[in-house]
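In order, the protein sequence lines correspond to chains A and B.
Note that my numbering gives residue 17 to position 17 of the first sequence, counting from 1, and the numbers run on in steps of one.
Note that my numbering gives residue 199 to position 199 of the second sequence, counting from 1, and the numbers run on in steps of one.
These are computed hints drawn from the structure, not numbers from a lab.
Backbone N, C-alpha and C define an ideal beta-carbon position, used for all residues, glycine too.
Incorrect hints may appear among the rest.
As the list claims (entries may be wrong) - Not everything, but these chain B residues come out facing chain A in the computed CB check (under 10 angstroms):
| hint | residue |
| --- | --- |
| 1 | Asn11 |
| 2 | Ile51 |
| 3 | Ala67 |
As the list claims (entries may be wrong) - Only some residues are given here: those of chain A computed to face chain B with a beta carbon under 7 angstroms:
| hint | residue |
| --- | --- |
| 4 | Ala30 |
| 5 | Pro70 |
| 6 | Ile71 |
| 7 | Gly72 |
What the hints assert, rightly or not - Under the rule of at most 16 angstroms between Cα atoms (straight-line distance), these lysine to aspartate or glutamate pairs were calculated in the EDC-like manner:
| hint | chain 1 | residue 1 | chain 2 | residue 2 |
| --- | --- | --- | --- | --- |
| 8 | B | Lys209 | B | Glu197 |
| 9 | B | Lys135 | B | Glu197 |
| 10 | B | Lys132 | B | Asp34 |
| 11 | A | Lys96 | B | Asp34 |
| 12 | A | Lys4 | B | Asp208 |
| 13 | B | Lys198 | B | Asp208 |
| 14 | B | Lys209 | B | Asp9 |
| 15 | A | Lys96 | B | Glu197 |
| 16 | B | Lys131 | B | Glu197 |
| 17 | B | Lys127 | B | Asp37 |
| 18 | B | Lys39 | A | Asp32 |
| 19 | B | Lys209 | B | Asp37 |
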Amino acid sequence: MNFKNFVIEHKQAFLVILVAIILSPLFALAADAVGYSEPLEKSAEHLGAEESPIYSGILPDYSVPGIDSPIGTFLAGLVGSIVTLIIMLGVTMAIKGRRN
Amino acid sequence: MHIPDGFLDMNIALVYYVLSAIVIGTCIYKIKKDGIDEKRVPIAGLVAAGIFAAQMLNWPIPGGTSAHFVGGAVAAIILGPFLGCIAMVSVVSIQALVFGDGGITALGTNLFSMAIVDVFVAYYIYKFLSKKNTKIAAFVAGWIGITLGAINTGIATGLSSTFQYSISTTVPVMGIWHGALGIIEGLITVAIISYIEKNRGDILYISDKAKNNPRGGKR
């Protein structure tokens, strides 16, 4: 598979993903502003359940350690999307079998 | 909907690891057996990457209680249930391993909610309803898929000691909230699927399958 052809052939999909990544810092700021919290957190709070983190990840909570939050969010989104693309391409190639 | 470490009892976490491993193993077996057309490989990669990016967009709903797009239905409708499941496995595993979103001990459970329940429920709803109307089918698939995925999260936490074994609280909280917020998931799903149907209908799993296996059997 030729990478350049891959991008050209699927440029719309790449563009949509890029737009989502570019927008992600705005959504992160807006979510902070409204006090974003998921139903699972409500349920945990109500019943007194607490997290006990054992691993915070390489880019904890979609941020890059040491980089200001909006740029960190953007970079985390970029890295995450590229890693996901590569992993899923690799996994699919590995398990795709042979169609005949 | 991503359960962090500390929320689940170890026996519950372990049971879900085993269940997820069995289903994921079966998906890989089915994919290898049926085969995937070479041209669908890049689509699988792009669907997974797109779902990862879309999951970063937390809906800023005033009042606080909110959610974000999960995408099991989108994966299922474009890639089919087996490869769709694998795409969601990639997304949810990367979120846990790289970003610490969802616990390591809870990964089996989170995979079961988002890569298995959401994907398979959405796939069969879409398959059934799309004979009548593909737009309604995509909406309901996105909506009910995420709601049942969230109910699974409610079951797993409600069976754990940290949640005081209050399954009668956790299931309604997850089901009702995600049932309401799931309308947004349904709307995003129908927007994405309608756009693809209009411009590149050939890449959707059901039309691809129909084309390659006109009698529903093997070529």
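Taking the hints in turn, this is what the structure says about them:
{"no.": "1", "hint": "Asn11", "verdict": "violated (16 angstroms)"}
{"no.": "2", "hint": "Ile51", "verdict": "holds (8 angstroms)"}
{"no.": "3", "hint": "Ala67", "verdict": "holds (6 angstroms)"}
{"no.": "4", "hint": "Ala30", "verdict": "holds (4 angstroms)"}
{"no.": "5", "hint": "Pro70", "verdict": "violated (13 angstroms)"}
{"no.": "6", "hint": "Ile71", "verdict": "violated (14 angstroms)"}
{"no.": "7", "hint": "Gly72", "verdict": "violated (12 angstroms)"}
{"no.": "8", "hint": "Lys209(B) to Glu197(B)", "verdict": "holds (15 angstroms)"}
{"no.": "9", "hint": "Lys135(B) to Glu197(B)", "verdict": "holds (10 angstroms)"}
{"no.": "10", "hint": "Lys132(B) to Asp34(B)", "verdict": "violated (27 angstroms)"}
{"no.": "11", "hint": "Lys96(A) to Asp34(B)", "verdict": "holds (8 angstroms)"}
{"no.": "12", "hint": "Lys4(A) to Asp208(B)", "verdict": "violated (25 angstroms)"}
{"no.": "13", "hint": "Lys198(B) to Asp208(B)", "verdict": "holds (15 angstroms)"}
{"no.": "14", "hint": "Lys209(B) to Asp9(B)", "verdict": "violated (41 angstroms)"}
{"no.": "15", "hint": "Lys96(A) to Glu197(B)", "verdict": "violated (24 angstroms)"}
{"no.": "16", "hint": "Lys131(B) to Glu197(B)", "verdict": "holds (14 angstroms)"}
{"no.": "17", "hint": "Lys127(B) to Asp37(B)", "verdict": "violated (21 angstroms)"}
{"no.": "18", "hint": "Lys39(B) to Asp32(A)", "verdict": "violated (41 angstroms)"}
{"no.": "19", "hint": "Lys209(B) to Asp37(B)", "verdict": "holds (10 angstroms)"}
When each numbered hint is compared with the structure, violations occur for hints 1, 5, 6, 7, 10, 12, 14, 15, 17 and 18.
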